[in-house]
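Chemist: If you want the building blocks of each chain, they are given just below.
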Amino acid sequence: MKKTILGVLFLATATLASCGPATSVEESLPTDSEGNVVFENVAITYGNPITGSDGIAMRELVRRFNQEYEGQINVTESFISETEYYESLLMTIPMKRSYDIALVHSYKVSSFANKNLLHPIQSIIDDANIDLKAEDYISSVYDAMYYQDALYGIPLDIHTIILYYNKTLLNQYELEVPTNRAELIAAAKMMPNTSSGGYGLPLSTTWPSEYIYTTALYQNGGSEIDEEGNPNYANAVGAEALKMVTDIVHTHHISPENVSVDSDLMLFNQGKAMFHINGDWMINSVVENGVDFGVTSLSKMFTDDADGATADSVAARSHCFVLPEGRNVAIKQQAAMVFAKYVTEHAYLWAEGGGHVPASNVARATEEYLALPYHHDYGDVDDFVLSPSSPYYYEAFSPVFSRVTTALSDSGYDAMSLLTAAEAEGNQLVEEAKAS
Amino acid sequence: MAIRSSVRRRKRVAFWVLLVLSIVWMLPLVWAIGTSFKSAEEITNNVLGIIPMNATFKNYQDLFADVSQYPILRWMANSFIIASLHTALYLVIASAAAYAFSILRWKYRNLVFGILITTMMIPSVANIIPLFSMVVNFGWLNDGWRSFLALIIPGLGGVFGLFIIRQFFINIPREVVESARIDGLSDLGIFFRIIFPLGKSALMVAGLFAFMGSWNDYLWPSIIGSVVMDPNFLTLQTGLASMQSSNNYEYGKTMAAAIISIIPVIIVYMFVQDKIIEGVSHTGLKG
Amino acid sequence: MAKKFLNPEQKKRRYLANAKRYAVIGAFLLPYIILFATFFIYPFFYGIYISFFRWNVFDTASSTFVGFENYQKALFGIGDITIWREYFWLGLKNTLIFVLISVPLLILVPLIIAILIDIQPRGYKAFRVIFFLPTVLSISAIGIIWKWQFDTNNGFINGIINLFGGESVSWLNTQPGAWIAILVTTVWWTIGTNTVILGAGLKEVDKQLYEAAELDGCNYFQVLRHISLPAISNQMIICTITTVIASFNIYGQPALLTGGGPERSTTVLMMFIRGQLTGTNAQPGLAAAMAILMGLLIIMVSIGQLIYNRRAVNR
Chain A
1 MKKTILGVLF LATATLASCG PATSVEESLP TDSEGNVVFE NVAITYGNPI TGSDGIAMRE
61 LVRRFNQEYE GQINVTESFI SETEYYESLL MTIPMKRSYD IALVHSYKVS SFANKNLLHP
121 IQSIIDDANI DLKAEDYISS VYDAMYYQDA LYGIPLDIHT IILYYNKTLL NQYELEVPTN
181 RAELIAAAKM MPNTSSGGYG LPLSTTWPSE YIYTTALYQN GGSEIDEEGN PNYANAVGAE
241 ALKMVTDIVH THHISPENVS VDSDLMLFNQ GKAMFHINGD WMINSVVENG VDFGVTSLSK
301 MFTDDADGAT ADSVAARSHC FVLPEGRNVA IKQQAAMVFA KYVTEHAYLW AEGGGHVPAS
361 NVARATEEYL ALPYHHDYGD VDDFVLSPSS PYYYEAFSPV FSRVTTALSD SGYDAMSLLT
421 AAEAEGNQLV EEAKAS
Chain B
1 MAIRSSVRRR KRVAFWVLLV LSIVWMLPLV WAIGTSFKSA EEITNNVLGI IPMNATFKNY
61 QDLFADVSQY PILRWMANSF IIASLHTALY LVIASAAAYA FSILRWKYRN LVFGILITTM
121 MIPSVANIIP LFSMVVNFGW LNDGWRSFLA LIIPGLGGVF GLFIIRQFFI NIPREVVESA
181 RIDGLSDLGI FFRIIFPLGK SALMVAGLFA FMGSWNDYLW PSIIGSVVMD PNFLTLQTGL
241 ASMQSSNNYE YGKTMAAAII SIIPVIIVYM FVQDKIIEGV SHTGLKG
Chain C
1 MAKKFLNPEQ KKRRYLANAK RYAVIGAFLL PYIILFATFF IYPFFYGIYI SFFRWNVFDT
61 ASSTFVGFEN YQKALFGIGD ITIWREYFWL GLKNTLIFVL ISVPLLILVP LIIAILIDIQ
121 PRGYKAFRVI FFLPTVLSIS AIGIIWKWQF DTNNGFINGI INLFGGESVS WLNTQPGAWI
181 AILVTTVWWT IGTNTVILGA GLKEVDKQLY EAAELDGCNY FQVLRHISLP AISNQMIICT
241 ITTVIASFNI YGQPALLTGG GPERSTTVLM MFIRGQLTGT NAQPGLAAAM AILMGLLIIM
301 VSIGQLIYNR RAVNR
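Protein chains in written order, with my numbering: chain A, 1 to 436; chain B, 1 to 287; chain C, 1 to 315.
There's no promise every hint is true.
Derived BS3-like pairs (lysine-lysine); straight-line CA-CA distance at most 27 Å [what the hints assert, rightly or not]: (1) K20(C) / K275(B); (2) K272(A) / K58(B); (3) K115(A) / K133(A); (4) K272(A) / K189(A); (5) K434(A) / K167(A); (6) K96(A) / K434(A); (7) K275(B) / K12(C); (8) K115(A) / K96(A); (9) K243(A) / K189(A); (10) K200(B) / K207(C); (11) K200(B) / K275(B); (12) K275(B) / K11(C); (13) K200(B) / K11(B); (14) K11(C) / K11(B); (15) K207(C) / K107(B); (16) K167(A) / K189(A); (17) K20(C) / K11(B); (18) K200(B) / K12(C); (19) K11(B) / K203(C); (20) K107(B) / K20(C); (21) K272(A) / K167(A); (22) K125(C) / K12(C); (23) K203(C) / K125(C); (24) K243(A) / K272(A); (25) K107(B) / K12(C).
No lab work stands behind these hints: they were computed from the structure.
Quick caveat, the model's predicted, so the values are computed rather than measured.
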């Protein structure tokens, strides 16, 4: 396998080298007779915020890479929980002591690139003649890796929220898998919706309400920010989207009130919930608990207008590899890109262990991926919508999250006042961010 | 006689009230220990049980298996190293300074000490931000081991322990020092041969407080820890807190970690509680 | 002895002896003084300095001077930018709420326990050890344990409530449950110190005074009110002042138990300050300004308490 990859590299570079100028690698980089970069005991550090069950898959990917590239490239992985991870990155990158390669969420790429925290990667890929190109990845995800026309990342996956359903309960009530909101709510209402009898669709007030609200916003034709990057949700569409989410608790009563984080997951795992909304990354946790379940897409589930142009959209995010600015040692950066290519193309492991959908077309075409039981029910990859690329996306949109939680906790909420307050805060955070 | 029986009655009432209160007080701790041995199923279905019906080590096994993310033994070792170094350094530096403020004679001695004491009133909240900036610019956050410096050194100027030790030194009878001087001992000699050995109990109390303060410190180490990316260099408290922040809240492991972190403390406490309580009592009486 | 004139040889010896003496004093004193000055005095002034800048921790030279802007932002807001004002006053309000609800309990409960222990029933020393134990534990472990206690589904507290037929309360996600949870945890954790201090004060009181009073026909409560309490007034003052300061500085309990929720109703000022220190768009200068304002408030409150108590004692 090692020889095959090298062989492919030789062939690719041989053809490229013959029609281009002499290799543009720096003089200090060791090359072989054909001008390809030779990696000899290059050690790189890799950081990511992947813990939990998808963490196991990530560790395995690193292990396999190190095995295959033994003597050439060795990757040392560090992982810490998400909030600390991003805080660390923001502090260690300016100190020039961050990782050689890092895994970040796609919506952070613009923000980090804007602050000069990331190193553009196109020239590195070209210099090392690594076969990494846009055509090999889902286009919407690859596009999100650009900031001001420079490429900053290689996408690993796209991940989204899905509808988990309990097969036993559906059979018990002789129901079909719902395909739109009306069917979903009707089905959920068949459950007794009491703490002893079980609920139709318990919804936690805190997580993943971010994803759910964003999905509702998209499905009703809205978006988080406008073209200038300012918040754009304190309007009728935003309020409608909020209602679509909170009605599940307050109006249809298919969820108990005040469900804390993961309590809804626990209910589903114990077989006491007919439906559950969570990320695809929870899939193995559900498998472990032995519930007879299936998954389906959340398209059309948060809008009453099932035929609307955007009714199929589901909010998604993506993990991608980026190069933190630092000492910028060329050979390490190139080794990092080799690592990124390897992991993204072997991402069926990531899909299996983490529940995500690989961004690499190569990975999605592999036998191993096609054999996975649940992934093909997630829905159409083209319906997964990433957040708009803007350096101030998070500042503009994040104030809404706590308000969604408020709305989910309090049936007497006033949508416009919550959303207006969130937008005002978002505007200020954007303004402050631009000034710093 | 009437008084004696009322005193006896009072003691009996106090005893029972205190007994009930202490059971209530220890209940959360005992329940937490018991719960850490419960399986996931019992955690949900046998909420009230203090002793699990099917006790299992699974939570602890899972925790130790997850060493790369939650290296709890390493955290404890880190905290131990940091607290020990801090305490040892502090005792040396503070007892030397206490000696200078009590036995040695020099002009302005009491004035300087008075200023030191008044600074105790200044809230430390405002110091955290400049300290952070200083520590970053000293280069102490550039790697894991150096971050220990940021946890050991800034507290070495603490006034509390100095106060306790000096208080003790001041109470050493003049004659002891005088006769030592007559015997020809220099200031240096008096310190090492006479004062330091005599002050053992005060040093022990100050040392206990310094150690506890360092071991239990939360806010400052968590700020330092967020810059140090490697979980292997976190202190115990920061590590424990990091277990709660992920979205995958792993109940069993987190509870097991909490219990592991407090068992050694409770054991040591049983041996030194009289010293600690005595130390606290004295601070109350001196004020 | 009359002052003699010294010859140069004697002067030199006297000078050397003094120099040596001061060198020794210096050796003993300087390490501490240097550390104290570097890590307590200097940061105090440096913090004030930082508060006048838009501070960049990693590239301090690039920090821009903004005068009182940080203070303005925190206290009044500037133009459109009112979030810092909201954060500051909300944080302050939450901190004050906590101070007001916690301090009375944190004095009263230790007082009662100290009195009970002072009666010296059987095993009183063991009881004291038990009540002091939580104080030596760390807030991280306690946060984990008590967060679990108050868990809506699997917590011990709701378990007991359910046992008696009541409904589970969502302690950490709703008010006033959140404050109650923080309060209970704080009381459990911290009363040890005050109990011991007050107990030490009570111990010093001459018990013969009690006997004399009871012979005169007083019951125990009257004894407590007229003899014990006044006798420990110093300890009470110390406890009150230190407890107030500690409550102002609260950080760990809300951060670990409720994360500042629900809807930021338990986000105390310390948490907002900490939040501005690091992270995207961090503004350490603003954090420093808020911290200094908070520090000023604490000093004023403490001095106020001292003055009040001095007057009360002198009456």
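Chemist: Decide, hint by hint, whether the structure agrees.
Modeler: Hints and how they fare:
Annotation: proposed proximity of K20(C) to K275(B) is violated, straight-line Cα distance about 38 Å (limit 27 Å). Using a Cα cut-off of 27 Å, the hinted pair K272(A) and K58(B) holds, with the two alpha carbons roughly 25 Å apart. Of the supplied pair hints, the one linking K115(A) and K133(A) holds, its CA atoms being roughly 25 Å apart against a limit of 27 Å. Distance hint between K272(A) and K189(A) is fulfilled; the C-alpha atoms sit about 14 Å from each other, no more than 27 Å.
Taken as a hint, the K434(A) and K167(A) pair is broken in the structure, with Cα atoms around 50 Å apart against an allowance of 27 Å. For a cut-off of 27 Å, the pair hint linking K96(A) to K434(A) stands: about 23 Å separates their Cα positions. Taken as a hint, the K275(B) and K12(C) pair is broken in the structure, with Cα atoms around 49 Å apart against an allowance of 27 Å. Between K115(A) and K96(A) the CA atoms are separated by roughly 14 Å; this keeps the pair inside 27 Å, and the hint holds.
Of the supplied pair hints, the one linking K243(A) and K189(A) holds, its CA atoms being roughly 18 Å apart against a limit of 27 Å. For the hint linking K200(B) to K207(C), the alpha-carbon distance of about 32 Å lies beyond 27 Å, and the restraint is violated. Our distance criterion of 27 Å between C-alpha atoms is met by K200(B) and K275(B), whose separation comes to about 12 Å. In summary, the hint linking K275(B) to K11(C) is not supported, as the alpha carbons are separated by about 50 Å, beyond the 27 Å threshold.
Using a Cα cut-off of 27 Å, the hinted pair K200(B) and K11(B) is violated, with the two alpha carbons roughly 36 Å apart. With a CA separation close to 71 Å, the supplied pair K11(C) and K11(B) exceeds the 27 Å bound. Pair hint K207(C) plus K107(B) does not hold up; C-alpha atoms about 44 Å apart against a cutoff of 27 Å. Annotation: proposed proximity of K167(A) to K189(A) holds, straight-line Cα distance about 16 Å (limit 27 Å).
As the CA atoms of K20(C) and K11(B) are separated by approximately 61 Å, the hinted pair breaks the 27 Å bound. Straight-line distance between C-alpha atoms of K200(B) and K12(C) comes to about 39 Å, which puts the hinted pair past the 27 Å bound. For the suggested pair K11(B) and K203(C), the alpha carbons sit about 15 Å apart, so the restraint of at most 27 Å is met. Under the criterion of a C-alpha separation no larger than 27 Å, the hint pairing K107(B) with K20(C) is consistent with the structure, at around 16 Å.
For a cut-off of 27 Å, the pair hint linking K272(A) to K167(A) stands: about 12 Å separates their Cα positions. About 61 Å separates the Cα atoms of K125(C) and K12(C), which puts this hinted pair outside 27 Å; it is violated. With a CA separation close to 13 Å, the supplied pair K203(C) and K125(C) stays within the 27 Å bound. Between K243(A) and K272(A) the CA atoms are separated by roughly 25 Å; this keeps the pair inside 27 Å, and the hint holds.
Only pairs whose Cα atoms come within 27 Å are accepted, and K107(B) paired with K12(C) is accepted, the gap being roughly 22 Å.
Hint compliance for this structure: hints 1, 5, 7, 10, 12, 13, 14, 15, 17, 18 and 22 are not met, and every other hint is.
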